[in-house]
Amino acid sequence: MSQWACVSAANLSCQASIINTQKLRNTPRCDAFSFKGSEFMAQSCRFLSPQTIYGRPRNGACPLKVVCVDYPRPDLDNTANFLEAAYFSSTFRASPRPAKPLKVVIAGAGLAGLATAKYLADAGHKPILLEARDVLGGKVAAWKDKDGDWYETGLHIFFGAYPNIQNLFGELGIDDRLQWKEHSMIFAMPSKPGEFSRFDFPEVLPAPLNGIWAILKNNEMLTWPEKIKFAIGLLPAILGGQAYVEAQDGLSVKDWMRKQGIPDRVTTEVFIAMSKALNFINPDELSMQCILIALNRFLQEKHGSKMAFLDGSPPERLCAPIVDHIQSLGGEVRINSRIQRIELNKDGTVKSFVLNNGSMIEADAYVFATPVDILKLLLPDNWKEIPYFKKLEKLVGVPVINVHIWFDRKLKNTYDHLLFSRSPLLSVYADMSVTCKEYYNPNQSMLELVFAPAEEWISCSDSEIIDATLKELAKLFPDEIAVDQSKAKILKYHVVKTPRSVYKTVPGCEPCRPLQRSPLEGFYLAGDYTKQKYLASMEGAVLSGKLCAQAIVQVISIRTPEFIWHDEHSCSSMSEFT
Numbered sequence: 089m090s091q092w093a094c095v096s097a098a099n100l101s102c103q104a105s106i107i108n109t110q111k112l113r114n115t116p117r118c119d120a121f122s123f124k125g126s127e128f129m130a131q132s133c134r135f136l137s138p139q140t141i142y143g144r145p146r147n148g149a150c151p152l153k154v155v156c157v158d159y160p161r162p163d164l165d166n167t168a169n170f171l172e173a174a175y176f177s178s179t180f181r182a183s184p185r186p187a188k189p190l191k192v193v194i195a196g197a198g199l200a201g202l203a204t205a206k207y208l209a210d211a212g213h214k215p216i217l218l219e220a221r222d223v224l225g226g227k228v229a230a231w232k233d234k235d236g237d238w239y240e241t242g243l244h245i246f247f248g249a250y251p252n253i254q255n256l257f258g259e260l261g262i263d264d265r266l267q268w269k270e271h272s273m274i275f276a277m278p279s280k281p282g283e284f285s286r287f288d289f290p291e292v293l294p295a296p297l298n299g300i301w302a303i304l305k306n307n308e309m310l311t312w313p314e315k316i317k318f319a320i321g322l323l324p325a326i327l328g329g330q331a332y333v334e335a336q337d338g339l340s341v342k343d344w345m346r347k348q349g350i351p352d353r354v355t356t357e358v359f360i361a362m363s364k365a366l367n368f369i370n371p372d373e374l375s376m377q378c379i380l381i382a383l384n385r386f387l388q389e390k391h392g393s394k395m396a397f398l399d400g401s402p403p404e405r406l407c408a409p410i411v412d413h414i415q416s417l418g419g420e421v422r423i424n425s426r427i428q429r430i431e432l433n434k435d436g437t438v439k440s441f442v443l444n445n446g447s448m449i450e451a452d453a454y455v456f457a458t459p460v461d462i463l464k465l466l467l468p469d470n471w472k473e474i475p476y477f478k479k480l481e482k483l484v485g486v487p488v489i490n491v492h493i494w495f496d497r498k499l500k501n502t503y504d505h506l507l508f509s510r511s512p513l514l515s516v517y518a519d520m521s522v523t524c525k526e527y528y529n530p531n532q533s534m535l536e537l538v539f540a541p542a543e544e545w546i547s548c549s550d551s552e553i554i555d556a557t558l559k560e561l562a563k564l565f566p567d568e569i570a571v572d573q574s575k576a577k578i579l580k581y582h583v584v585k586t587p588r589s590v591y592k593t594v595p596g597c598e599p600c601r602p603l604q605r606s607p608l609e610g611f612y613l614a615g616d617y618t619k620q621k622y623l624a625s626m627e628g629a630v631l632s633g634k635l636c637a638q639a640i641v642q643v644i645s646i647r648t649p650e651f652i653w654h655d656e657h658s659c660s661s662m663s664e665f666t
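Note that our numbering has the sequence shown beginning at 89, numbered continuously upward.
Check each hint, because a few of them may be wrong.
[Unchecked claim] For each label pair, taking beta carbons as the anchor points, the in silico distance ranges come out as: (1) Pro587 - Thr311: 22 to 32 Å; (2) Glu552 - Thr311: 35 to 45 Å; (3) Trp301 - Ala570: 30 to 40 Å; (4) Pro566 - Gly446: 55 to 65 Å; (5) Glu334 - Pro566: 35 to 45 Å; (6) Glu552 - Ile474: 23 to 33 Å; (7) Ala168 - Leu260: 50 to 60 Å; (8) Arg429 - Ala168: 21 to 31 Å.
[To be verified] List of simulated lysine-lysine pairs, DSSO-like, C-alpha gap at most 27 Å: (9) Lys280 - Lys317; (10) Lys317 - Lys479; (11) Lys472 - Lys439; (12) Lys191 - Lys464; (13) Lys580 - Lys559; (14) Lys280 - Lys315; (15) Lys472 - Lys482; (16) Lys619 - Lys482; (17) Lys500 - Lys434; (18) Lys619 - Lys439; (19) Lys280 - Lys500.
These aren't lab readings, by the way, just hints derived from the structure by calculation.
Remember, it's a predicted structure, so these values are computed and weren't measured experimentally.
Even glycine gets a Cβ: it sits at the ideal position worked out from N, Cα and C.
Please work from the sequences and hints to get the whole structure.
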């Protein structure tokens, strides 16, 4: 396999620079090519000009602009969670303007850091966002190869049950960049290679009836007795709400299922796939709290489980507009600015961040919005025994691998949707040449796949990972893909390894998640591992950034109660730190 190998790496040796998002918009655009979204893409097409009928750009060629007519944006704006998130956002814009904007330095330009900076800027302060690498996004980062093709850190799905993400898109005026798909969940059938089973949520029914209908109508994966036992087992979670959900943190998915009398086959048929999709691990390791939070949102909100793809690469299509917004309000975003150490005052508070080039940056407040593993590496020694930081020891990032394979032909056995592979090695996958405007190609498929659990594979070579992936794909595409490539041939591939991704949501880790405000004056945390109700997800990262910005604004400037939004997980007293 080595002849196709492409090793992905970010350039980390460049000098620090302030990002200029204008470069992201200087790429020439072509006219549009549109298609109608359906179960199978391109049932009807509209050609606006002949020069648009090309594949992906090569050697600086003009990229294809595809106007996708997917499914309409669901009616999210009047849901309770969306309105709550919208009000939270409005508190920053409505807050009294500070007489002297505070300088806040934020380490890490993933979604948590970007959200923290965005909402601090909305409140009238001056964030300075530092990113160690030369690309924005953190866990949603992506790179462009020599052919102009993008490869990403992960396969990112935006759910209707993500109210803070959905509000963020609206606040930036980029709602149209989400490509909404059919309200379905589609699972491969390992016992029937090449076949799929669907859970279709009818639009005419409210929640939770649409979800119940989807489960009852699917007869390929679960028997009727299994469905009934599953439904009875879920009743405590449905009736008990968030309090019950959080109380299940001490049980794994497998243990909880058995405790509720739910057959093991339900775990095998459905929850192995869900566990790997949510946290990249199997149900014997995953905390049931994680599954119940997802199910609670999916069952309680009509459009909660409806999925959307971003219409292009996250750094350009999502991160760049956030940066524009921050800069328009006087904030700064700097790439190639790695934190080397945290310099302390004599009283143990932060004096400055020292960068890898030796420079020091001082501020009124400091935020660490990096993954928890990076934070633990950079913690000053005299902080490590403080209970707030000591409990972080149990929070560890989970390894994950994202695989991209470009084939020499258009694969037919796929959908315009996210697919659950139900493979022992693979989690979810999608044909991005079908689901995503910018990656659209009428002649060749590009599969993006999440390889998980990845702990035993993270040290393997790219070619070994591709060989293993092909064996699984041969089962999903028996008529089109063969291990020896006698059928579809690989043109190229990229393997992106993340040794420490989202925190591993194992039983008992919930009490270890810290509040955004630390016990040390002027020091704050943001990240999906911090205390917020959406766990390890893009939604959790954005919400953590909002909570972090709120904590800073509360402590340093705003005293008027009507401007303070209270979340069940926001900090309210210093007693919560110990």
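Checklist entry - So which of those numbered hints doesn't the model satisfy? => result 1, 6, 7, 8, 10, 17
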